[in-house]
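Line order of the protein sequences matches chains Y and R.
All residue numbers for the first sequence refer to my numbering, where the first residue is 1 and numbers rise by one.
All residue numbers for the second sequence refer to my numbering, where the first residue is 1001 and numbers rise by one.
Mixed in with the good hints there might be a few duds.
Calculated cross-link-like contacts (lysine-lysine; reagent style DSS-like; alpha-carbon spacing at most 25 angstroms) [said to hold, decoys possible]:
| hint | chain 1 | residue 1 | chain 2 | residue 2 |
| --- | --- | --- | --- | --- |
| 1 | R | Lys1340 | Y | Lys277 |
| 2 | Y | Lys170 | Y | Lys252 |
| 3 | Y | Lys108 | Y | Lys144 |
| 4 | R | Lys1380 | Y | Lys129 |
| 5 | Y | Lys137 | Y | Lys234 |
Please keep in mind that the hints were generated in silico from the structure rather than gathered at the bench.
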Amino acid sequence: MKLMAILAGAVFALGTVSAAQAQDYPSKPVNYIIPFNAGGESDIAARLQQPVFEKLTGQPMVVQYMAGAGGAQAWSQMNGMEADGYTIMGTNLPHIILQPMAQDVGYKTDDIANVYFFQYTPDAIIVPKDSQFKTLKDLIDYAKQNPGLVTFSGSGTNSANDVAKARFDKLAEVTTTYIPFSGTSPATAAVLGSQVLAGFSYTTAAINQGDQLRVLAVAADERVPSFPDVPTFKELGYDMVGGAYRGIAVPKATPDDVKKKLSDVLDKINHDPDFIKKMEDGGFVLINVPFDQVPDFMAKREKEYEEAAKVMGIAKK
Amino acid sequence: MDKLVYLAEALTPLNLLLAFVGVLAGIVIGALPGLSATMAVAVLVPFTFTMEPASGLIVLGAIYTGAIYGGSYSAILVNTPGTPSAIATTFDGFPMAKRGDGALAVSLSTLASVFGGLVGALMLMFLAPPLARVALAFGPPEYFWLAVFGLTLISALSVGNLMKGLIGACFGLLLSMVGVAVIGADVRFTFGSHMLLGGIDIVAGLIGLYCIPVLIDLVATRDPHLKVEGAQTGFRLGEALSISWREKFNLLRSSIIGTLVGILPGAGGSVASLVSYSEARRASRHPERYGTGEPGGIIATESANNATVGGGFIPTLVLGIPGTPPDAVILGALLVQGIKIGPALFSAQSPIVYTFIFGLIIGTLIMLPVGLLVGRYAYKSIIAIPKAALVPTIAFMTVIGSFAIHNNLSDSAVMLGLGAIGWVLNRAGFAPSPIVLGLVLGQIAEQGYVQSYLIGNAQHNVLGMFFGRPISLVIVAFALLTLFYPYIAKAIGAARARRSRTDIVVESRNGTPS
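Chain Y extracted, bound-state conformation (with noise of 0.2 angstroms):
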């Protein structure tokens, strides 16, 4: 069925190698590239935006997966797609930030044209229900009398829970230890089995496991409608926003016109009030940031991430 799915892809691809059309696009079904395996946050956010993008604008998005090397794979071959806008693909930060700047993954972060940021999911800081933890104080404290003794689970090294864990680091002036499980469900499986104190997740992960976790504190602007009852670290007197922000890249050489037209659509699917809600119910945080402000958006990043990096030890290269 994948593949039946590929070659109608590929057929389509065939049948229209005529110049896109910015005016009427989309004219035939998109493709959706998530670099990552279905069922994650990158997927659910993307198989909430299709029902929506079909009906605005009448054509199918196909969402496929290219998993591997925590995305790099897939990065690493977009500029090589055919660039007429049918194929588009899912980008997240940090990963698009710091894997180019730890090693050679075969893209630099330039060679990304993203188009559209969408949604980020706020790191959270997680306990088990019956943690000595009660309050993000609690923590602190006990951190700074047994430097190194708390010990955060996180989805890989080098990610967003890492580069969390690190600012928080510097921000409480504790000393910590990171334990990197191989994706967000091993993690937090690892501190609802008390396997590790506590865990660096994110809100849309805390959120299915109900009253079995304790949320202690969430990076975000403002408390998120999810955890009305879950300070923000910026009201504990920590200045820290963040967490993976996901959005939707095209190949470079795509033009410019159908960049807007595709940036156009998503934000109106970022305005549906039937998407919005079902994403603020999954714990995700809308943020809408058009073609336009992207250069902005993404400068500030990377300024945000060069410093995590430098204190995680990513060597520059």
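Chain Y is fixed; fit chain R onto it per the hints.
Structure of chain R alone, referenced to chain Y:
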């Protein structure tokens, strides 16, 4: 028995039809190497959005069950596991097919899969909340030891040639390290190639190491693919049933192992079937027959891997943590449907949950007739197709299948490269199974080891992490038992023989038997 209300809800004609179509589609997808259960479920998710939540879940569950079972066809008939869960099915399935018992092997796999699937689903229905706690008790050290336990199977698989088995396993472990490390993000063994950054995909490795050498040999020799003379193509159901009855303890033990391992996020069907295969072999009266076409081997692996379906749903539905990769996709589908997952799901949404579980049971039962029919047809056609047509067809499927894993040609290249290496190693006497075991278990072992070390180091108690936890110690004990069982069995036998001799001496001295 208030749950029976939900049985009626699951039994609507539409749901039955959906379960039937789902199982059939799943079997076909699972049988094609490279097309995995995860993919089957992911492709169908959008179609379920227009359905009722319960119907959508039933069709997804049916596809998942069917795909895990379908993986055994290609394992038995062409020596290539259709999904990683069927790795251990090749050990005995293909030798059986080769000697003309393919039909029997498929029937056995069907019976075992249905039984295992039912055990898993029933445990999901009745024991889910307490069993979910088991999943949480498993920390990094337990995963590490579980993988080590799986690796001890190498000693059993390479009887008579332990050295080559160990070398093969080390090669497999090296293969598992290729690419960007999960922990530390170091780039290892890529030789500067971006192609290898993502590591060696397990499915690509499976197809290459198992299938390509078989294809090359088929081309290089005059022998037919499977023995045709004397091959019985009937269902051989009676025979399969009596073998299953003889192996009832094996069946039950493997199903329970399958459910329990399925509960552990990050272990999955491949580990479950390897562990139960290893246990079945140890408990068997004829362990030496395992690996040469012993029906007990198929029963163990196929019941275990289908039991992981029900087992995997336990943490998925109770904790909101997917037990297996397809569960992650199904969890995503639930979220999109607007269903709140997590601990409250079982109480707050019990109609959907129980309708789904009954749907899973119905899908598993439908697998029996559908599986027997499809299996018979598959076996007949594999025998009937001339070699000149079979080899190119399978060769084409291996390339397509390995491409389909990530829509990426580099996986096909890796598959072909490993295939060539596998063929050369095969000729030198290195079997593919130890290499595959290393590849599959290497990552679990490595991550478990480094995480345990990091946590232990933070707590200044590294040794305690590895050797101070009760569950770990139990797994270590089982691993040691498996490793040294041949020696222990010999020692016990010798001791028994000695004692019976002394008993006679004692009796004769006292004059009265005690």
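Do the hints match the structure? See the list:
1. A C-alpha spacing of about 13 angstroms is found between Lys1340(R) and Lys277(Y), which places the hinted pair at or below 25 angstroms, so the restraint holds.
2. Using a Cα cut-off of 25 angstroms, the hinted pair Lys170(Y) and Lys252(Y) is violated, with the two alpha carbons roughly 37 angstroms apart.
3. For the proposed pair Lys108(Y) and Lys144(Y), the alpha carbon gap of about 38 angstroms is over 25 angstroms, so the pair is violated.
4. Restraint check for Lys1380(R) and Lys129(Y): not satisfied, since their Cα atoms lie roughly 57 angstroms apart, outside the 25 angstroms limit.
5. About 13 angstroms separates the Cα atoms of Lys137(Y) and Lys234(Y), which keeps this hinted pair within 25 angstroms; it holds.
Violated hints, in rising order: 2, 3 and 4; the structure is consistent with all others.
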